[in-house]
Amino acid sequence: MDVRLQMSMVFHLDKCIGCHTCSIACKNVWTDREGTEYMWWNNVETKPGTGYPTLWENQDKYRGGWEKGNGKLKLKATSKVKGLLNIFHQPHLPTIDDYYEPFSYRYKDLFDSPEGADQPTARPISMITGRPMDIEAGPNWDDDLGGSPVYAANDPNFKDITEEEKQQLFELERLVFFYIPRICNHCLNPACVASCPSGALYKRGEDGIVLVNQQVCRGWRYCISACPYKKVYYNWKTGKSEKCILCFPRLETGQAPACFHSCVGRIRYLGCLFYDADRLVESLQADDLDLVEAQRGIILDPFDEQVIAGARLNGMEDNVIRAAQNSPVYKYVKLWKLALPLHSEFRTFPMLFYVPPMLPIMGALKGQTYETADEEFFTAVEKARVPIKYLASIFSAGNEGKVLESLKKQFVVRQYKRSESVNDLDPEQVRRMLDEAGCTPEEAEEIYRLTSLPSETERYVFPPSHREQAIEMLQPDTWGAKGMAGFGFREKPVRGE
Amino acid sequence: MHDTLLFIYYPYVAFILAVVISFMRYVGRGFSYSSLSSQFLENRNLFYGSVPWHYGIIAVLTGHLVVFFIPGSLLEFNRVPWRLYALELTGLTLALFALVGLLNLIVRRLGNARIRAVTSPMDLILLALLLLQVGLGVETAIFYRWGSSWYAVSAVPYLRSLVLLHPDITQVAVWPLTIKLHVIGAFTLVAIFPFTRLVHLLVLPLHYLWRPYQKVVWNWDRRRSQKA
Ligand code: SF4
Ligand code: SF4
Chain A
1 MDVRLQMSMV
11 FHLDKCIGCH
21 TCSIACKNVW
31 TDREGTEYMW
41 WNNVETKPGT
51 GYPTLWENQD
61 KYRGGWEKGN
71 GKLKLKATSK
81 VKGLLNIFHQ
91 PHLPTIDDYY
101 EPFSYRYKDL
111 FDSPEGADQP
121 TARPISMITG
131 RPMDIEAGPN
141 WDDDLGGSPV
151 YAANDPNFKD
161 ITEEEKQQLF
171 ELERLVFFYI
181 PRICNHCLNP
191 ACVASCPSGA
201 LYKRGEDGIV
211 LVNQQVCRGW
221 RYCISACPYK
231 KVYYNWKTGK
241 SEKCILCFPR
251 LETGQAPACF
261 HSCVGRIRYL
271 GCLFYDADRL
281 VESLQADDLD
291 LVEAQRGIIL
301 DPFDEQVIAG
311 ARLNGMEDNV
321 IRAAQNSPVY
331 KYVKLWKLAL
341 PLHSEFRTFP
351 MLFYVPPMLP
361 IMGALKGQTY
371 ETADEEFFTA
381 VEKARVPIKY
391 LASIFSAGNE
401 GKVLESLKKQ
411 FVVRQYKRSE
421 SVNDLDPEQV
431 RRMLDEAGCT
441 PEEAEEIYRL
451 TSLPSETERY
461 VFPPSHREQA
471 IEMLQPDTWG
481 AKGMAGFGFR
491 EKPVRGE
Chain E
1 MHDTLLFIYY
11 PYVAFILAVV
21 ISFMRYVGRG
31 FSYSSLSSQF
41 LENRNLFYGS
51 VPWHYGIIAV
61 LTGHLVVFFI
71 PGSLLEFNRV
81 PWRLYALELT
91 GLTLALFALV
101 GLLNLIVRRL
111 GNARIRAVTS
121 PMDLILLALL
131 LLQVGLGVET
141 AIFYRWGSSW
151 YAVSAVPYLR
161 SLVLLHPDIT
171 QVAVWPLTIK
181 LHVIGAFTLV
191 AIFPFTRLVH
201 LLVLPLHYLW
211 RPYQKVVWNW
221 DRRRSQKA
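Going down the list, the protein sequences come from chains A and E. The numbers in UniProt numbering rise by one with no breaks, and the one at position 243 of the first sequence is 243. The numbers in UniProt numbering rise by one with no breaks, and the one at position 52 of the second sequence is 52.
Incorrect hints may appear among the rest.
[Unchecked claim] Pairs of lysine to aspartate or glutamate residues, derived as EDC-like cross-links and limited to a Cα-Cα distance of at most 16 Å, are as follows:
{"#": "1", "chain 1": "A", "residue 1": "K68", "chain 2": "A", "residue 2": "D288"}
{"#": "2", "chain 1": "A", "residue 1": "K331", "chain 2": "A", "residue 2": "E497"}
{"#": "3", "chain 1": "E", "residue 1": "K215", "chain 2": "A", "residue 2": "D278"}
{"#": "4", "chain 1": "A", "residue 1": "K74", "chain 2": "A", "residue 2": "D287"}
{"#": "5", "chain 1": "A", "residue 1": "K237", "chain 2": "E", "residue 2": "E88"}
{"#": "6", "chain 1": "A", "residue 1": "K337", "chain 2": "A", "residue 2": "D301"}
[Claimed, not checked] Partial list, derived from the structure: chain E residues whose beta carbon lies under 8 Å from chain A:
{"#": "7", "residue": "F23"}
{"#": "8", "residue": "V27"}
{"#": "9", "residue": "G30"}
{"#": "10", "residue": "S50"}
{"#": "11", "residue": "R211"}
Hints listed in this document are in silico derivations from the structure and should not be mistaken for laboratory results. Since this is a predicted model, take the numbers as computed values, not measurements. We put the beta carbon where it would ideally sit given N, CA and C, even for glycine.
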C-alpha cells in the first residue's frame with residue numbers, strides 16, 4: 001500500500017445557480033493577461049449543450065484521454081513515437097476558433113465620434129489582431145440554452161439515443177437545464193502529464209495538484225490534445241501551456257481557491273482523500289461500467305490504522321491526517337456515494353466529483369412544477385429513461401445504476417426532512433424509502449447538514465502551510481532556510497524571439 | 001584576404017556565438033525556449049508549411065551531415081551512374097519539399113493577421129535567410145553537377161579542416177559564387193541561431209521515449225520520512 005494524498009473536490013450541481021462568479025474570480029486572479037484572454041480555467045457550461053471548447057466531450061473529434069489497449073492503457077491520440085513524428089503539426093489540436101476569438105470594444109468611439117444622425121457604437125475588436133471583428137462566439141455563447149436549439153441538440157451525450165427517445169429529449173430541453181462548472185480535475189492518471197514530451201507537466205506528490213512548469217514547457221502542445229476535459233490551454237502569446245493550479249499559493253496559506261471562495265451557491269467542497277497508488281494501474285483497467293466503483297475502490301479509509309501508518313510513511317503530518325478524516329469529499333464520494341466523477345470513461349480518474357442534479361428528473365416527470373412529495377418517485381424515476389441515461393453518460397460512463405443510487409438518496413433525504421418539518425408524510429413510508437435507498441436517518445441528517453447548512457470550514461477542509469513543512473523537511477537546518485522566503489529571482493514570462 | 005575573413009574567422013565567430021549565447025539564454029532566459037507554435041491560431045495552412053518544411057530540411061541536413069563523416073563511401077556509391085542520379089534526384093526532391101514548405105510558411109506568416117500578431121522582427125529575418133539559404137541550395141543542386149560528389153570532394157575537406165582547427169581554404173578559392181554564398185549563409189544561420197526561435201532545436205524532447213508516462217514531484221523528502 002502506497003498511501004498518497006489528493007486534494008479533491010465535490011461540486012453539488014443541484015445548488016449551482018449558473019452565476020459564473022467562480023469564473024470571474026478565477027479570471028481576475030490568473031488569466032487577465034495577453035495570451036490568456038480566451039482561457040477560462042474555471043468555466044460554467046449549460047447542459048444540455050456543447051460546452052467549452054465546443055464539443056469537448058466528443059473524443060472522436062479531439063481524441064483526448066486514454067483507451068484500453070491489449071492489457072495496457074494507451075493515450076487515445078498518440079503513442080510516444082507517433083507523437084514525436086507529429087511534433088510539427090498536431091492532427092487533433094483544438095484551435096482558437098473552437099473556444100472563441102477574444103474581443104473587446106472600441107469604447108473610445110463612443111466619446112470621440114463626430115456628431116451625426118446615429119448613435120455612435122463601440123465596435124468589437126479582436127484582442128489578438130487588434131482589428132475590428134464580427135463576434136461569432138464567446139464564453140457561454142449557449143448559456144441557459146440561449147441562442148439556438150442547435151447547441152443542446154448537438155450535446156455529445158445524446159449520441160446513442162433512439163428516435164422515440166428524441167421526443168422525450170425535446171421535452172427535457174424545453175423544461176430544464178442545469179450547469180456544470182468545470183475546473184481541472186487534477187486527475188490521478190493525468191493524460192496531460194503523460195503526453196508532455198518535455199516533462200513540463202507533473203503531479204505534486206504532497207497534494208496531487210497537477211501543474212505545468214513554465215520554464216520547462218516548450219510549446220509542443222501535446223497536453224492540450226491529450227486532456228480529455230480540455231483543461232490545459234495554450235497561451236498563444238508566450239508559446240507555453242497553462243492550466244488551473246488549484247490556487248496552490250492560496251491553499252498553502254490555508255485559503256480556499258478563488259473559485260471556491262467566491263462560489264455564490266456554496267456548491268463547492270474541498271478536502272483531502274487518501275488513495276492507494278499501488279492499485280491505481282490495475283483499477284484503471286476496469287470495464288466502463290465498473291469504472292466509478294473502481295475509482296472509489298482505491299480511495300482509502302482515513303480512520304484505518306494501516307492507512308494512517310502508510311500516510312505517515314509518506315511524510316504526512318497529523319494535521320494532514322486529521323484533515324483527511326474530516327474530509328467532506330470523502331463523505332460525498334466514498335461514504336454516501338452521492339458524488340460521481342465526470343466522464344470516467346476517459347480513464348484519467350478525475351478527482352473532481354459531481355453530485356448529479358435532481359432537476360432534470362423532476363422536470364421530465366412533473367412538467368413545470370417540481371413536486372417532490374411523490375410516493376412513486378422511485379419507480380417513476382426509472383421510467384424517465386432519457387434523463388437517467390443522459391446523466392449516466394456524463395457522470396458514470398453509462399452506468400445508470402450509479403446515477404440512480406445518488407438521485408434516490410438525495411430524494412430520500414428531502415423526504416426525510418420533509419416528514420420532520422412539514423409532517424405530511426407517513427413515517428412508515430419514509431422509513432421504507434430510506435431502506436430502499438440504503439440510507440439511515442442519521443446519515444440522512446448528516447447529508448442534509450453538509451448539503452444545506454455547511455459553514456466555510458466544513459466545506460473546505462485542508463491543512464494549510466505544507467510549504468513550510470516542505471522547507472523543514474528538505475532543510476534539516478531551518479535556520480538556514482530563514483532567508484529563503486519569497487520567490488527569489490524570477491524571469492518575466494515574455495515571449496521568445 | 002576576404003576569404004580568410006569569411007571562411008576562417010567568420011565560422012569560428014559564428015560557432016562560438018551560437019554556443020555561448022545559447023547557453024547564456026538558456027540559463028538567464030530559459031523561459032524563452034519554446035517552439036513558439038502558432039498552430040493554435042491557424043491550423044490548416046500550417047500543415048502544408050510546417051510538415052514539408054521540417055521533414056524536407058531534416059532529411060537534407062542529415063544528408064549533409066552523413067557525407068561529412070563518410071565522404072569516401074559517398075564517392076564510392078556515386079561511381080555507378082544510376083545510383084548517382086537517384087541520389088541527386090532524391091536530394092533535390094527533398095530540398096524542393098523544404099522550399100515549398102518554407103514558402104507556404106512565409107505566405108502564412110505575412111498573410112494571416114492572427115499570425116502577424118505573433119511575429120517578431122527576428123522571425124522575418126530568419127525566414128528571409130532560410131529562404132535564401134534553401135534557394136541557393138536548390139540552385140546548386142540543379143546547376144552544379146554533381147553536387148553530392150562535389151560536396152564530398154571539395155567542401156567536406158574544408159569543413160573538416162575547420163572542425164580539426166587547421167583551417168585550410170585552398171579549395172574555397174575555386175568555388176563559384178553560389179556555393180560561397182551557400183556556405184556563408186550556413187555560417188550566418190549558425191551565428192543568429194541563439195537570437196531566434198531556432199533554439200527550439202536544442203530542446204527537442206527525445207528523452208520522452210525513455211521516460212515513464214507519469215511524473216510525480218515531491219517537495220517533501222519522502223525517503224527521510226520513511227526512515228524516521
Ligand atoms: S483534467 Fe486534464 S489537465 Fe487536469 S489533470 Fe486531468 S488530464 Fe490533466
Ligand atoms: S459561483 Fe458557484 S453557483 Fe455560481 S456558477 Fe460558479 S459554481 Fe455555480
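Hints violated by the structure (numbers, ascending): 2, 5, 7, 8
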